[in-house]
Amino acid sequence: MADFTELLKEKNVTYRPGGCGKIYTDPDADRARVYFRDQKPRKMVEKTTTVSEAVKNFVSDGDYIGIGGFGANRIPTAVLHEMVRQGKKSIGLSGHTATHDFQILVAGKCIDRCDIAYVVGLEARGLSKIARTAIESGEIDTTEWTNAALTWRYKAAAMGLSFMPVRCMLGTDTQKFSAAMEMECPFTGTRYLAVPALYPDVGIIHVHRSDVYGNCQIDGIMVADSDLARAAKRLIITTERLVPNRVIRREPTKTVIPYYLVDAVIEVPFGSYPGNMAYEYFSDEAHLRDWLKAENDPEDLAAFLQRHIYGVKDFNGYLDQIGGMSRLQELRYQENLVEK
Amino acid sequence: MADFTELLKEKNVTYRPGGCGKIYTDPDADRARVYFRDQKPRKMVEKTTTVSEAVKNFVSDGDYIGIGGFGANRIPTAVLHEMVRQGKKSIGLSGHTATHDFQILVAGKCIDRCDIAYVVGLEARGLSKIARTAIESGEIDTTEWTNAALTWRYKAAAMGLSFMPVRCMLGTDTQKFSAAMEMECPFTGTRYLAVPALYPDVGIIHVHRSDVYGNCQIDGIMVADSDLARAAKRLIITTERLVPNRVIRREPTKTVIPYYLVDAVIEVPFGSYPGNMAYEYFSDEAHLRDWLKAENDPEDLAAFLQRHIYGVKDFNGYLDQIGGMSRLQELRYQENLVEK
Amino acid sequence: MEYNDMELMICLASRYLEDDSIVVVGTGAPCAAAMLAQKLYSPRLMIMFEAGGIGPLLPSMPISVGDSRTFYRALAASSMPEIMETCQRGLVDYTFLGGAQIDQYGNINSTMIGEDYTAPRVRLPGSGGANDLGSLCWKTMMITPQDQRRFTEKIDFVTTPGYLTGPGAREKAGLPPGSGPYKVITNLCVIGFDDQSKRMKVESMHPGITKEKIIESTGFELLWSESVTVSDAPKEDELNILRNEVDPYRYIIGRG
Amino acid sequence: MEYNDMELMICLASRYLEDDSIVVVGTGAPCAAAMLAQKLYSPRLMIMFEAGGIGPLLPSMPISVGDSRTFYRALAASSMPEIMETCQRGLVDYTFLGGAQIDQYGNINSTMIGEDYTAPRVRLPGSGGANDLGSLCWKTMMITPQDQRRFTEKIDFVTTPGYLTGPGAREKAGLPPGSGPYKVITNLCVIGFDDQSKRMKVESMHPGITKEKIIESTGFELLWSESVTVSDAPKEDELNILRNEVDPYRYIIGRG
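Residue numbers (this note's numbering), protein chains in the order written: chain G, 1 to 340; chain U, 341 to 680; chain S, 681 to 936; chain D, 937 to 1192.
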């Protein structure tokens, strides 16, 4: 019989700061428990509202937010535009591959701190000049992490813990400018970094289907949204479609976000535009290029933002500006590999 | 701006054994990595075989196993019967609500050690006399855990870690007879138990659908099988149905076990019988009662086992014994709430 | 209407489950109490099962906390880690446990009877998820018959934490502050826990039950609420729904 | 056949990806190399993307490692934790990274240029998943143009660990033993890592490239394999498939 019981012995160890970054959110699991007990909406009641109301009621200046999706894929664009329109300030952001979402909030000067893994680039599309400048100028305070570290920080919170041991970042400057702690395994002595649980004040996630209570389905990759939904103190859901509760109950295996995590639900068709929404529509690469180009000149950018965000009432107004259903249908063809 | 950076400071701490139980499996993540690198079947090739061959090739005397499903729900009965038929010995078991599965292996005298959370009871059906006696007599060595602790031990392994901090078991005799370590959070000082990662030698899981490579779908609750599949060094899959690879590729969101985790795939219709298989067939309560009753007398039990396990060639032979398709169809009606 | 002990306990327990709260239940009496509460008092009570079922429209009493009834037309069919992590995160209000022995602090034994762990006189089913739920949910309720053997000064094995050794002990052990035993519903009385001492305190006695009967059925000293009341007997509609809709085959109430 | 630097690097890189292995790739040249390998050398090469895509039948080059192409008719559409944990568990053989600076130990900078973290001269995209992949996958490959600015003695920021400060340093830092940089494929040569010193060692020079050219394009001292060969130039079938099937719109190879 194999036996590893000898690993069970007393050890004196030292926890050491592994980096000089900042911890922007409270990792304490007991305080999070009390918040969840007292504030999470246990009532399965209708939570549909408007984007404007949701941003007014659930996002405050100074809040720290986590955004669903990845890069320009399945992002909650309508909520981000509304945050810009309402002039939200001093927002903290969890930046695991935040690209166009980061760009929108930087354009609105909403952000003042960022747990940063990847935010100034738009992947293959190139870099956002305003995003880059906001960080180079020190306008946005940053602490370094990696995509996995941020994912696991969400997971620690989703599990109701205050930390998670991880094996990335070790030995690098990424570690040095993070806010991880050095520790070791109680059994094997293996060296780990402990990352602090990340409980954002607000999570914002765009999904394929939700009922009016907030029971949600997502098709395709989940990115980190299962954990983000559980880690967030408040949660705003935008959905391509509102569906009857019986649709959810028909396939309970597909429910990735149950209603008791959700504070607000808004139906926003094409809500990830100009981002990609799997099985629905591809990203609008031309529009994203226009945006990047506009950043080369402050006046161009101001005009661009006026036209697409400040000058429209809501997200449907934005969709009108970019070419309405004709353009959206082109993106749907592209997504579904339909030869026009 | 909220700031919790003060949590990032040096602390001297002591890790203390939290229990006097045994650690039956190696929690070392580096050794597991090397095993996975060198032994996991990266080739996407056909892996279909027979239950008998799979048990011969992938389960050795002395191995430590983890069984999918929960209680008498979605259990890999065919593989368990075959282990009994082949007379496997000195098997270690992870016992998070193992009920009829445990009962089968105890009847075959296969088990000599058990990480135990719940194994001698069959939930509402009552207790298994032979299971109880095997533990009371000391025939089976045990270390105490809870369902969550065992689940999280799998999760630690599935994440590639050697431990996981948990908040259960603390302060109880359950802790005292576990093999957990006492530790505290590097940030908040919160007390945790660290549980050692559980990498079983063999995982055995029954699923609804698999292709010949081992890409699997499960309908309904997952129990702990997503993590078990990832934690196990070898993995045997039995499936209600083999389906073409294109069925898997049609809905990739539904794949819960990808092929590279899988060593063997066997189509076993009604493979969870007499257990429940969600959406397929209900548990055979009469048969489970017969089994429990047979345990009252050693001769009755021997005859019962002879008739249902030792005396039949394979699982289809067992299904013939219990009434064949007529009985199975009754259980299907029951599952699907069809009034006959 | 006549009723047996099991019916009595289930009916009383059902009244404690507030609407719009979340409860993790096992099979048997707890599940019956939750189903009855849903049908009578708390239509939006959210029932979870530890193997993964969330908010099913239960067509009948489950046999196992992992059987397909536990996620029949459910809001979600999730997993054991999902449920346990939801508890650990502090989202679950109530859980219901049973056990072979219980002490004055609400510590429960469902593991073994005897002195020696390696050679128990009787091995019981074990913790399963009981320790997890009693550690991580906010309020733990128990449904149990009451007698000297079960309600004992020193239980043979602390499977699931109540208030452990008394005030502050849960917190000191590292268990989440603010969680712990809430009510014990027996065939004789309803028992709460004293805020200061964390010891069992009788709140109401069931109709026809005397203080003496309760004392002689208890292996330790009970505290008594200043205003011990008489428990409201099961009402006709409770019993009707329990017998006709919740447990028509008398799986559970047949044991009473 | 004529070819540009990007085509050269992609073709060479594709030859290192063994059949039946698992590779996590980003967009751009790495993805092109993996696609080319699948079509020519390693039909069962398993491509994963860090946002969750596993084994897609890529209809075209993805724009983002999270776009819907990355799980088109895939074997699984999973999640970022699933991919990262698969890497941490030791199941991923290869990954491909890029960066603005690299040193002799294969440490990569993709975070910033400058001296002061709080006021970088140039902020780069950052780690994203690069540090994770370079820490947790078994073999890290790099595709990068080679010049004095990029191949530098001291990089401004170690985003992703190579062999850090040399032999044993990864293990000492706690990184999984046996992992680390494997090949660097540049527009001038193919570079491996010396077993003893963990320093870059030139293995083959591309056709027409001299040792002097390589030395003057490198900001640190390179080791040289005892038998430096001439790299096999891109073959006609490689170029044809790369141009016609992998990247018909010249998104990537147009940059070469």
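By construction, these hints were calculated from the structure, which means they are not laboratory data. Source: prediction; values computed, not measured. Even for Gly, the Cβ is constructed at its ideal location relative to N, Cα and C. Keep in mind that the hints are not guaranteed to be accurate.
What the hints assert, rightly or not - Simulated pairs of lysine to any residue, SDA-like, Cα-Cα distance not exceeding 25 Å:
no. : chain 1 : residue 1 : chain 2 : residue 2
1   : S       : K863      : U       : A464
2   : G       : K40       : G       : T5
3   : G       : K254      : S       : G858
4   : G       : K293      : D       : R1191
5   : S       : K852      : G       : D3
6   : S       : K819      : G       : V45
7   : U       : K516      : S       : R724
8   : U       : K349      : G       : K254
9   : U       : K351      : G       : R16
10  : G       : K176      : U       : D343
11  : S       : K863      : G       : R37
12  : U       : K516      : S       : W904
13  : U       : K429      : G       : T5
14  : U       : K380      : D       : K1075
15  : U       : K594      : G       : H208
16  : G       : K109      : G       : V256
Unchecked claim - Calculated Cβ distances over 12 Å to all of chain U for the following chain S residues:
no. : residue
17  : D747
18  : Y797
19  : R801
Inset, instruction - Kindly indicate which numbered hints from before are broken by the structure, ordering the numbers from low to high. - result: The structure conflicts with hints 2, 3, 5, 7, 8, 12, 16, 17, 18, 19, although it agrees with all the remaining ones.
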